[in-house]
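Residue numbers (numbering that gives the first Met the number 0), protein chains in the order written: chain A, 0 to 264; chain B, 0 to 327.
FYI, nobody ran anything at the bench for these hints, they're computed from the structure.
Note that the structure is a prediction, hence the values are computed from the model and not measured.
Treat the hints with care, as some may be off.
Said to hold, decoys possible - With a Cα cut of at most 27 Å, we get these calculated DSS-like pairs of lysine-lysine:
#1 B/292 <-> A/253
#2 B/191 <-> A/54
#3 A/153 <-> B/191
#4 B/300 <-> A/262
#5 B/286 <-> A/253
#6 A/68 <-> A/200
#7 A/68 <-> B/149
Stated by the list, open to error - Taking CB as the label site, the calculated pair distances span:
#8 A/22 <-> B/170: 44 to 52 Å
#9 B/125 <-> A/97: 16 to 24 Å
#10 A/231 <-> B/151: 20 to 28 Å
Where a beta carbon is used, it is the ideal one built from N, C-alpha and C, also for glycine.
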Amino acid sequence: MAINIIVCAKQVPDPEGPPSSFEINAEERRVTARGIPPVINPFDENALEAAIRIKETSGANITLLSLGKGLSKAVILKAVAAGADASLLVDAEALDAALLDPFATARLLAAAIGKAGPFDLILCGRQAADTNAGMVGLGLAQLLGIPAITLAQKVEIADGRVVVERVLPDGYEVVEAPLPALVTVSGEVGDLRYPSLQAIKAGKALPQTVLGLADLGVEPAGLGRVETVRLTAPSRERRCTLVEGDTPEEAGRKLAQLLRQEKVI
Amino acid sequence: MADTQGIYILAEIGEAEKPTAVTLELIGLGRDLASRLGERVSTLVLGAGVREAAQELALYGPDEVLFLDDPALSRYDPELYVGALVPFLESRPPRVLLAGHTSLGQDLFPRLAFSLDCGLVTDCVALEVDGGDILLTRPIYGGNAIATQKVGTSKVMATVRARVGEAPQPSSAAAVTPLETAVPASSRLSLKEREVLQSRECPLEEAPVVVSGGRGMGGEDGFAQLTEIAGILSGAVGASRPPVDSGWAASTCQVGITGKVVAPDIYIAVAISGSTQHLSGMGESGKIVAINKDPDAYIFKVADYGVVGDWRQVLPSFSAALREIMQE
Ligand SMILES: Cc1cc2nc3c(=O)[nH]c(=O)nc-3n(C[C@H](O)[C@H](O)[C@H](O)COP(=O)(O)OP(=O)(O)OC[C@H]3O[C@@H](n4cnc5c(N)ncnc54)[C@H](O)[C@@H]3O)c2cc1C
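Just chain B, same shape as in the assembly (with noise of 0.2 Å):
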């Protein structure tokens, strides 16, 4: 074990150049484990102009901050970023390397292991330290039941979603240096065009408050209620599946195992009955509102507040009395 060191943190930029809410999390996080086990904290951050994001996140306390700056980097090619990173992760080998659960480090991230052959688990809802070892638990078979694991490498590797870890207050500034490595020429892989389909400013994914609509919303006019709500908290609108499968809402706005995992401050649930596919992609939130005409529908088990009764009548008294209390 003597041979691993450090707790590295990949970071991710996003919009306004700035590091992504999970990557402040996950600094958060590395900053309680590097005390436990006595460690320094890196953060690595790789893309075309990314100096002055590399700046800014020296001042979320971590140690050091290592970028790796290069044009062909610009758009996400993991071919380039395993090139480039697995030569330096094997001339400094981590102690614990750490990644959000997003759409970058569930691509990056099992890649990197293998190649690393380095023990990883994905999804991780908690990380703690016992003894020597770094436990990371996840969710499995769809939620229905909670794993803690640990790594039998001296390495461990882990992806973790978002707002497990808290993101520190600015403070004074670490060390900004390059990464000692270079960008592989080529890739196999070409990427073509981009569409983007969903605007970046509200991504669900770091939106504090979450409004979703189900199967029972029965159309897109209720999403447009929806839309309003969530208008008025700062928030952004999500669904479960049958809507995104129906097309009332896209694709790209679905909550669940096979959507997006989010755990904001508030997810207000409104026509959706609390699958276990749905519950695993939100059950983590901070508080849970249900809004369901069927009184014995699962959603208001794992909820804190509830309204039962039919959403279109609910909805335009409910959002009214939003606006109100936020104008205040």
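Next comes chain A alone, as it looks inside the complex (with noise of 0.2 Å):
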């Protein structure tokens, strides 16, 4: 029996952009990406993978819900396109970015999820990667009343429960929830497929809803619990002392001296 699958996905601007496009604007206390394209936060991307699997061995309707400023049609249809079923925009552009802090997001995702209709199952990135915070996935859990599992490497549906392994700093466990519930989705499972041109074109087509904030009958301001007071470039470089030597071996052998020199080792 199919179930329903809402993958939450973020748009990030692309994290592997170098880092002089990351414009630290202290003064307004916001990152503005330069010259890189967003994408889909890729740990996101690895929750829709997670969720085109499941449905390829058990059967699901999957929704991609987005909520954010400026969402691009293009990466939304991409990824769309690798096997989703539907999308669930919901334009924040009126909401100044700052009062997005996870505790908002959360409660905005929340209201949104309760205007997609019911559902079985959620998943979302382990973190996204421009705030790297990992809360919003284990927030969206606890305000719908539903058990979560976070970091799986892998997601499966049995007999009505979800079956997950999640990763542990020296290796894995396997926990089990029944649904509905929210499952936070690592690295590991995988990246997400390619869509194929095809696939593209009949995407366009597939079902799209667009809610503004007020459609989602929830006030935004007040809802964060977070603020941002400073905002600095990472002071990361360091002076480095090169060892040189007439041979590699030589340099090598000086390098390890000089460690010791300077009581490192």
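Using the hints, put the two standalone chains together into the complex.
Here it is in structure tokens:
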């Protein structure tokens, strides 16, 4: 029996862009991405891939849910065409980005899910590649009152339950929960497949609902709990002492000696 | 604000029933905060058979240790932890509640924060007191920017990276008392098998020395040499993502934004270019040593010591010299 899966996907500036493409505006406490394209957060792509695999093995209706400002049609289409059945977009254009902390985001997503009809499983990426907080998925589950399992490397459905291989620091564990449930997905699941050109064409015809913030019936102001008071560039660069030698072998030996001399070892 | 009180540290117990390194570091941080804010430090420890660990924790300078010893807590089940902790934290609302940014902290704290409606900042690399506010600093955009944040609730929660605080020296023992709360009778989650792929003898996150290899290692053989060096320096082996994707290194070795975040005293990066995603997992290391054949590799910009060269030629003599030095 096909289940209903909602995959939450956030649009972020390409996290593999060079450091120079992340411009830090200290005054407005904002990062502006320059010259790099928006992409779906890679972990959310992993979540979508996990959903598509469930669809292939046990059947599923997949809805891609994205909330944000300036959502790119092309980015959404590419994701949907990989194997979703519908998309639900929440246009937060009117919202000051500073208000969209994990607490507000989770509440707005919970409201959007309320409009999406019945669901059995929600999949989220383990964290977003921009804010890196790792809170929205768990918050969403808490707000919806459903069990949550984090850091999945494998997600399966069996007998009305979700069975998850959950990544641990030293291995993994298998955890099960009854549906409806929420699972956050880790990179170990594997990359999202590329849609064919045909699928991209067909993707354009898939049902898409666009909601404004007003449609959610939630007032976003006051939902946030975290405020950024300062934004700086990382001070990563150090002065490197390059060790040279007549041969690479000598350089290796001298490196060890220097480390001892400077009491590093 | 008057209703919140105390700095609470959620302890984790590791190998041999000992508190983990990050737990002790958090107690150190908690002490600093407590003295600036005029608060007390309480350490919470949950688990099965944790009495001894609680006694041990009491030596590291908290004002009290509260323990919940229950066989149902032998494995981490977030629903049992949340169910036990929420009523307690509601009856004694903390001013600050800290955990390590560990597997457990990352899973538990967002759940607790939403249950308690308490502001949470994850993955902190610095905490400071500014007037009545607690400012929490964390990397964002994969480490391309550093944000300092504060929360708008009277309780503040944070998960903190390893090696941000300094572990106190053991001293006189604080009071150890049972935590007055009940473990829920059931959980919606069922924990099935657990597969251990890496020995926990020298967890990467706690190793004082990490020797990591990148794509340029070209295969498993190179990693055998890194293992040897790690052995000489009593450290652990790490990797960037490509070796993990290629199967030359276990996934438990990955360092970076999707792997482990480490801050050892010494990080040795061999044949690693220094991508943002990798740097955000090791950029806070004490000293960084780079070996790379490309003089323009970004890793040299963030390293303290480096050799430009092919690891195949540099490592054997480096390793032999290290062995001699360490035997002296
Ligand atoms: C969402 C996301 C998450 C990611 N998470 C992580 C993560 O957690 N950790 C991570 O590491 N990466 C991560 N990445 C990947 C990251 O962007 C880089 O691709 C990766 O870190 C590059 O690894 P590398 O430095 O080993 O390889 P490369 O960038 O290919 O560098 C290889 C280096 O080896 C040197 N070299 C080659 N041969 C030799 C030799 N014989 N002797 C000496 N030097 C040699 C080369 O000069 C080069 O500098 C992530 C990417 C994304 C998009």
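Hint numbers contradicted by this structure: none
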